[in-house]
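A.B. asks: Take a look at the letters that make up each chain.
Number of protein chains: 6
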Amino acid sequence: MNQPLSVNMQAQVLTAALPYIQKYTGKIVVIKYGGNAMINPELKKAVMSDIVLLALTGIRVVLVHGGGPEISQMLGKLGIESKFIGGLRYTDADTAQVVQMVLAGKTNKDLVSLIGVCGGHALGLCGIDGGMIQVRKLAGEQDLGFVGDITKIDTRPIDNALENGYIPVIATVGVDENGQVYNINADTAAAEIAAALGAENIITLTDIRGLMRDVKDENSLIPAVRLDQVQALVDQGIISGGMIPKVKSCARAVQCGVKKAVMIDGRIAHSILIEMFSDEGIGTMFTK
Amino acid sequence: MNQPLSVNMQAQVLTAALPYIQKYTGKIVVIKYGGNAMINPELKKAVMSDIVLLALTGIRVVLVHGGGPEISQMLGKLGIESKFIGGLRYTDADTAQVVQMVLAGKTNKDLVSLIGVCGGHALGLCGIDGGMIQVRKLAGEQDLGFVGDITKIDTRPIDNALENGYIPVIATVGVDENGQVYNINADTAAAEIAAALGAENIITLTDIRGLMRDVKDENSLIPAVRLDQVQALVDQGIISGGMIPKVKSCARAVQCGVKKAVMIDGRIAHSILIEMFSDEGIGTMFTK
Amino acid sequence: MNQPLSVNMQAQVLTAALPYIQKYTGKIVVIKYGGNAMINPELKKAVMSDIVLLALTGIRVVLVHGGGPEISQMLGKLGIESKFIGGLRYTDADTAQVVQMVLAGKTNKDLVSLIGVCGGHALGLCGIDGGMIQVRKLAGEQDLGFVGDITKIDTRPIDNALENGYIPVIATVGVDENGQVYNINADTAAAEIAAALGAENIITLTDIRGLMRDVKDENSLIPAVRLDQVQALVDQGIISGGMIPKVKSCARAVQCGVKKAVMIDGRIAHSILIEMFSDEGIGTMFTK
Amino acid sequence: MNQPLSVNMQAQVLTAALPYIQKYTGKIVVIKYGGNAMINPELKKAVMSDIVLLALTGIRVVLVHGGGPEISQMLGKLGIESKFIGGLRYTDADTAQVVQMVLAGKTNKDLVSLIGVCGGHALGLCGIDGGMIQVRKLAGEQDLGFVGDITKIDTRPIDNALENGYIPVIATVGVDENGQVYNINADTAAAEIAAALGAENIITLTDIRGLMRDVKDENSLIPAVRLDQVQALVDQGIISGGMIPKVKSCARAVQCGVKKAVMIDGRIAHSILIEMFSDEGIGTMFTK
Amino acid sequence: MNQPLSVNMQAQVLTAALPYIQKYTGKIVVIKYGGNAMINPELKKAVMSDIVLLALTGIRVVLVHGGGPEISQMLGKLGIESKFIGGLRYTDADTAQVVQMVLAGKTNKDLVSLIGVCGGHALGLCGIDGGMIQVRKLAGEQDLGFVGDITKIDTRPIDNALENGYIPVIATVGVDENGQVYNINADTAAAEIAAALGAENIITLTDIRGLMRDVKDENSLIPAVRLDQVQALVDQGIISGGMIPKVKSCARAVQCGVKKAVMIDGRIAHSILIEMFSDEGIGTMFTK
Amino acid sequence: MNQPLSVNMQAQVLTAALPYIQKYTGKIVVIKYGGNAMINPELKKAVMSDIVLLALTGIRVVLVHGGGPEISQMLGKLGIESKFIGGLRYTDADTAQVVQMVLAGKTNKDLVSLIGVCGGHALGLCGIDGGMIQVRKLAGEQDLGFVGDITKIDTRPIDNALENGYIPVIATVGVDENGQVYNINADTAAAEIAAALGAENIITLTDIRGLMRDVKDENSLIPAVRLDQVQALVDQGIISGGMIPKVKSCARAVQCGVKKAVMIDGRIAHSILIEMFSDEGIGTMFTK
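Protein chains in written order, with this note's numbering: chain A, 257 to 544; chain B, 257 to 544; chain C, 257 to 544; chain D, 257 to 544; chain E, 257 to 544; chain F, 257 to 544.
Bear in mind the hints are in silico, worked out from the structure with no lab data behind them. Any given hint could turn out to be false.
Because identical chains share one entry, a pair is satisfied inside a single copy or across any pair of copies.
Quick list of in silico lysine-lysine cross-link-like pairs, DSS-like style, CA-CA up to 25 Å [to be verified]:
hint : residue 1 : residue 2
1    : LYS504    : LYS516
2    : LYS516    : LYS544
3    : LYS408    : LYS279
4    : LYS544    : LYS283
5    : LYS472    : LYS544
6    : LYS408    : LYS283
7    : LYS515    : LYS472
Values in this document were obtained by computation on a predicted structure and should not be read as measured data.
Use the sequences and the hints to build the structure in full.
C.D. replies: Here it is as structure tokens:
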């Protein structure tokens with residue numbers, strides 16, 4: 257804290273958080289972690305610290321992550337060229353292996369370790385563990401190689417981790433019935449996991465304020481969107497580009513029973529706490 | 257909050273509480289509630305709110321209370337005269353009944369109700385329930401009537417309440433093997449309960465800052481006392497008068513395995529949170 | 257026993273009780289306790305002794321009580337005048353507080369203590385504990401003050417007590433969402449509790465033999481009434497006056513799934529045992 | 257009941273049983289069943305009815321039985337001659353098979369069936385089941401054939417039956433590590449089972465009043481014997497003949513921690529209830 | 257093994273069994289044991305050894321048996337003449353008692369003992385235990401005496417045995433509500449038990465290869481029969497004589513939800529293992 | 257199987273395995289997996305298949321693995337030069353990261369996937385998960401960089417996986433209290449894990465027959481070594497070079513209570529099954 261706050265003031269802040277904690281205690285909250293908050297070490301630590309705090313107040317937090325730029329970096333170092341088809345990365349067998357290795361072995365375990373440093377207890381898992389994320393090859397006009405389409409989530413490894421007091425940290429790779437590993441979209445995976453778990457909320461950390469009428473104007477933030485408004489926003493071009501899969505994942509989760517899907521700005525320190533423990537509510541919230 | 261605090265600042269306060277919450281989560285903390293904090297409605301609500309917050313962060317809080325001035329007031333209304341022997345109140349059969357009725361029926365249930373208003377779940381019990389506080393007549397030079405000496409604490413009703421997610425609120429009356437109800441000292445009862453539960457801490461709310469070298473000078477507060485220092489402090493007259501039974505109860509709890517017994521100023525709002533969730537530590541701490 | 261009975265005879269009595277015990281073991285039986293059986297100390301002890309015996313034979317007994325004349329007595333002592341509106345007592349804030357204090361602090365704990373003396377283990381609770389009896393202000397032509405209408409029974413505190421081997425003893429005061437305490441009709445409360453618990457039986461102790469065709473002639477006792485006969489009996493004036501709310505409570509419990517609601521004469525010692533452990537069946541039984 | 261007893265009287269009898277029930281509820285009581293009570297159909301039913309009643313009051317009853325005269329009868333019918341050595345029956349392979357068949361298939365299952373008729377739930381087991389009674393050949397001067405000496409009791413089948421709410425009924429045959437079945441003394445087996453279970457009591461039904469100073473004078477009954485008095489009673493010839501193994505079994509059980517071993521007259525109907533639910537106490541009690 | 261097999265070969269055999277074990281682990285398989293496999297000591301031991309092996313691989317095996325020729329033998333020895341009515345044995349009261357005694361006391365406990373010798377843990381039960389097999393007198397043109405028609409299976413004693421890690425071995429006698437014991441068809445009983453348990457499979461050991469088009473030609477074995485084919489096979493005379501009740505039992509089990517009912521040749525050593533752990537599949541399989 | 261074996265022969269093999277299965281069912285067996293068996297795809301699949309079979313027979317298998325040549329390969333590809341100090345690899349920060357990534361993300365998850373293909377259910381964990389393998393910097397004359405010395409094994413993540421029916425697969429990297437990852441010796445880690453779990457056995461797969469008097473002569477295999485013989489074998493130069501840490505790990509496990517530590521030849525297909533399910537016993541066994 258820059259200027260020290262009186263202990264009395266501190267107590268008032270804690271007290272003010274009470275009703276929010278009461279609202280979520282015992283509930284499952286999925287956090288989709290990605291973007292800048294995953295690169296900047298300070299933000300990274302702030303996110304892990306927030307997660308440990310949520311877990312301590314009885315919230316059953318599940319952390320789902322993609323690979324950020326670490327995969328691209330490793331592919332570069334290994335001299336594996338990235339082929340793009342219609343703007344999408346083609347995943348050949350070698351690339352799929354690197355994705356698995358980096359996501360499940362580096363990004364995932366680094367997060368587990370950082371949660372430990374923050375005083376929490378985490379277990380790092382990926383979609384291969386216990387056959388948790390089952391996929392088939394993504395069908396489509398273009399062959400994208402080993403890019404998977406989720407067919408089933410087996411939540412038991414996650415349930416067990418939560419029951420035993422661990423924060424499950426999940427790397428989003430999938431596996432088919434022959435044991436072949438697939439690259440999968442992390443936003444989609446997080447949404448499917450939230451749906452399968454019957455989560456209360458899913459919070460997606462991004463690198464923008466939320467959904468904005470005018471991307472260049474932060475004041476044009478749309479604070480809340482109902483499912484039946486999504487199509488119109490797409491039609492108006494307000495939801496476009498990279499926003500489309502993110503919004504679709506939020507919508508999918510809400511469709512499957514998750515009460516609230518929120519997209520928040522991961523560039524703000526402790527944005528998770530602010531979202532969950534205050535009325536301000538930052539970012540854009542999707543609900544039924 | 258008088259001046260609104262930025263949400264960022266709020267998040268920092270919550271984050272700062274994290275290591276303290278981690279330290280206590282899962283542990284039993286007994287709060288001995290009395291004095292001004294029991295009379296002033298605002299302080300009363302702040303205490304209950306603190307307790308609900310502690311419970312939500314996984315701390316197993318047990319609230320033990322005496323009767324404050326409500327007993328005297330009721331005795332007065334009922335025209336039951338108070339007889340004093342050597343400065344101590346003589347408890348005849350009628351008085352014992354009023355003590356039971358007010359403590360277990362009024363003070364206790366009012367606290368349970370207030371915890372409910374703060375969003376918590378409490379069960380109000382007294383020493384009669386499940387034979388929880390077993391006593392015999394206090395022996396001594398003077399016959400004080402139905403004043404009890406605790407012979408056994410049966411913690412099962414408390415354990416059950418905690419296991420089922422309730423905050424146990426305990427009125428300090430005792431019962432002998434014939435079903436006769438006795439008045440007992442609330443500080444002593446809280447200490448015995450803390451010892452029987454294997455509590456981590458016992459926090460006693462009082463109407464002074466703590467133990468002070470000079471009662472008139474708040475700057476003379478003694479922040480920490482080891483058990484082996486108590487006798488010297490009594491000999492020096494620093495522990496004297498009404499402080500003696502309070503300190504003895506703290507010492508007794510620590511002697512029986514409670515890690516820390518703290519006496520804090522109940523006149524300060526949220527003094528429990530300040531004591532538990534900051535390094536400032538207010539009041540006087542007794543340890544082995 | 258006046259004339260000593262041979263041990264052989266005693267064994268035969270115990271053996272004769274066997275099929276009745278088998279019928280009820282494991283089932284929940286609610287006992288609504290009131291009237292003379294609550295005033296006369298010998299009858300009081302006989303009732304508690306019966307309850308302990310039932311509990312030992314594996315019956316899950318729940319004791320629900322009102323306040324008898326103890327409330328009036330205390331109101332009198334405190335000089336709180338009773339205002340009556342249309343024959344019903346108006347409950348102002350002060351009265352509500354006295355009702356809570358006497359019911360939950362005196363009557364309730366005295367019963368818990370007496371069960372202990374009889375060798376049983378009881379926990380004394382009231383509607384405030386765990387928000388067990390939730391009420392709203394009773395609507396009606398006349399404003400009766402803090403007289404409550406039950407909106408919900410949260411049976412968890414009762415279930416927990418039973419699971420942990422305690423006899424729950426319940427004082428019938430209710431609480432609204434603001435924590436305000438209300439006076440409630442004990443017969444109604446017992447019926448609602450029996451319904452919420454899915455009780456097998458509810459037994460109401462009264463000061464008459466049961467429902468009689470001619471109140472002055474005990475030989476006119478009606479041993480059994482089906483729900484569809486109630487209205488006719490009201491129309492004929494056989495159910496009238498103070499009998500109406502009692503019968504309505506019985507009917508309500510049966511309507512909600514309780515198998516049998518029995519009204520028995522609390523002036524007869526051990527009338528509960530006679531009702532439950534013999535074919536004689538005393539009083540009036542209401543069934544579907 | 258010959259002369260009908262008033263319901264009031266009945267209630268008093270039940271009430272009088274209360275303290276005895278309280279004393280034993282939750283405790284394990286082993287009943288060694290044999291002699292006349294096993295032959296006379298009325299006595300047989302009275303014993304089973306007593307056992308069901310004990311089970312209903314929360315006592316964990318274990319019924320252990322030998323074969324009475326049914327084995328001899330079957331051996332006779334099958335023309336298997338009984339060879340005696342020094343007054344003891346020699347058990348050859350054929351005899352051992354008949355013992356197993358009659359004890360485990362006839363006597364045992366008949367008792368289980370009768371308990372069912374009395375409204376109880378029993379499981380019939382023998383020492384072979386789950387390897388419950390492990391034996392080796394009894395060593396001694398005389399070779400008695402397949403007569404076993406108990407080496408270990410595996411109480412798990414009994415524990416499981418009790419936990420699942422069944423009354424275990426145990427036929428006393430033993431088995432060695434090769435699967436060979438052995439005849440064993442039922443009094444000894446019952447004592448070893450009681451010791452292994454940590455039973456509170458063992459009650460042995462016999463065909464005499466108890467241990468008597470003068471076998472011909474029922475008034476010479478010795479109501480209580482301490483272990484340290486046994487040898488003297490043997491030396492005086494008061495314990496002699498068939499009484500010796502019975503007393504030794506009682507003594508062995510008490511030595512191993514069973515609180516009380518009682519030998520009662522099985523010829524009196526409901527002698528078990530009288531022993532357990534009254535102060536009269538019939539027969540002879542062995543204690544430490 | 258006649259010619260020693262290389263350890264390598266042995267490992268391959270074990271490995272080959274893996275997918276079959278995986279298929280059945282955790283499932284309930286009922287084995288109806290009878291015929292030659294019950295008489296020949298070597299076959300008997302092979303069957304018990306197979307059952308112990310199945311149990312070790314996590315299959316929940318339930319062994320159901322009739323009495324084989326041991327009942328006839330005992331009836332003969334006891335000089336109880338067998339009366340036949342229309343080709344069926346008339347069961348008078350004496351016969352019923354012998355059936356119970358031999359089945360539950362000899363055959364059953366011998367199997368339990370043999371399983372113990374093979375290193376397994378079994379509990380021997382019969383239909384009387386816990387009122388497991390409830391029957392009424394079989395109705396029909398001819399009075400067959402105490403021959404029972406199953407009205408209800410109470411699976412709790414079987415469930416408990418399985419939960420506690422024991423192999424339940426069940427002698428097929430039934431009991432009516434008056435405690436009278438009845439002779440019942442073992443094939444029928446096994447089928448009803450399999451249905452009540454929701455078993456995956458029922459395997460019936462017989463003395464022929466299976467259902468054959470030409471009883472004299474083993475090559476005419478019908479490997480698989482669907483329920484809708486049964487009637488035609490009866491009409492064609494292929495299912496006839498003693499085969500009819502066996503096939504009916506298989507059909508009944510499948511009708512009630514058992515996935516597969518197989519009739520295999522008990523004269524082949526380890527036919528159970530071959531059936532369950534290879535694709536060969538021997539005998540005749542009935543499915544929906 | 258090359259030459260088809262009769263089903264009868266197969267059944268005999270399965271039957272022959274019975275006593276070995278009985279010996280280990282319910283016990284914990286740690287398998288240290290490395291060497292050729294980790295590189296050759298056929299051997300790899302055979303090992304995973306053996307592990308799934310062991311798990312199905314109720315053995316609680318824990319698979320611990322190092323990285324084989326995959327780490328060196330990846331270091332090579334990434335152009336990270338290997339510095340050797342006194343023959344040991346120096347682990348700088350970059351190398352430590354690659355070790356973590358390859359072990360926990362590639363080797364580990366590939367094994368989990370392969371177990372899935374074999375029909376098993378595995379969870380892949382590393383020492384970072386739940387702070388399972390806690391280390392400090394290895395002290396020594398030479399600074400080896402981030403090479404760790406195990407200070408504590410927290411077995412809870414392993415226990416939870418086993419309880420929930422998963423085969424835990426553990427990558428041997430350790431973590432210190434600051435979250436820094438360390439390279440650790442896989443043999444040592446497996447031994448410490450076996451000791452901490454109270455395993456029955458630890459089986460180490462190597463690339464030689466076992467401990468041999470003359471490394472060049474397979475006939476000189478030493479089948480069994482007692483702890484007190486180890487030093488003499490070292491002195492004689494029979495245990496030397498790379499064998500020393502392997503033998504020390506075996507010895508350490510046995511010292512800590514593991515009953516048997518076996519070093520077997522991973523180049524033989526199904527060597528685990530042969531070791532566990534036959535008397536042949538291959539390799540070298542270390543016992544107390």
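A.B. asks: At most 25 Å between alpha carbons: which applies to LYS515 and LYS472, within, between, both or neither?
C.D. replies: For LYS515 and LYS472, neither the intra-copy (30 Å) nor the inter-copy (57 Å) Cα distance is at most 25 Å.
A.B. asks: At most 25 Å between CA atoms: does that hold for LYS504 and LYS516 within a copy, between copies, both, or neither?
C.D. replies: Within one copy, since 14 Å is at most 25 Å while 45 Å is not.
A.B. asks: Should LYS408 paired with LYS279 be assigned to within, between, both, or neither, using CA atoms and 25 Å as the limit?
C.D. replies: Answer is between: at 21 Å across copies they meet the 25 Å cutoff, but 30 Å inside does not.
A.B. asks: 25 Å Cα cut-off: does LYS408 pair with LYS283 within a copy, between copies, both or neither?
C.D. replies: Close inside one copy (22 Å) and across copies (24 Å); limit 25 Å.
A.B. asks: First find the shortest C-alpha distance between LYS544 and LYS283 inside one copy, then the shortest across copies, and answer within, between, both or neither for a cut-off of 25 Å.
C.D. replies: Within one copy only: 19 Å inside a chain, 40 Å across chains, cut-off 25 Å.
A.B. asks: Check LYS516 against LYS544 for me: Cα-Cα at most 25 Å, and say if that holds within a copy, between copies, both or neither.
C.D. replies: Only inside one copy: LYS516 and LYS544 sit 8 Å apart there, 46 Å across copies, limit 25 Å.
A.B. asks: What label fits LYS472 with LYS544 when the C-alpha limit is 25 Å: within, between, both, or neither?
C.D. replies: neither (28 Å within a copy, 62 Å between copies)
Violation of the numbered hints given earlier is confined to hints 5 and 7; the remaining hints are satisfied by the structure.
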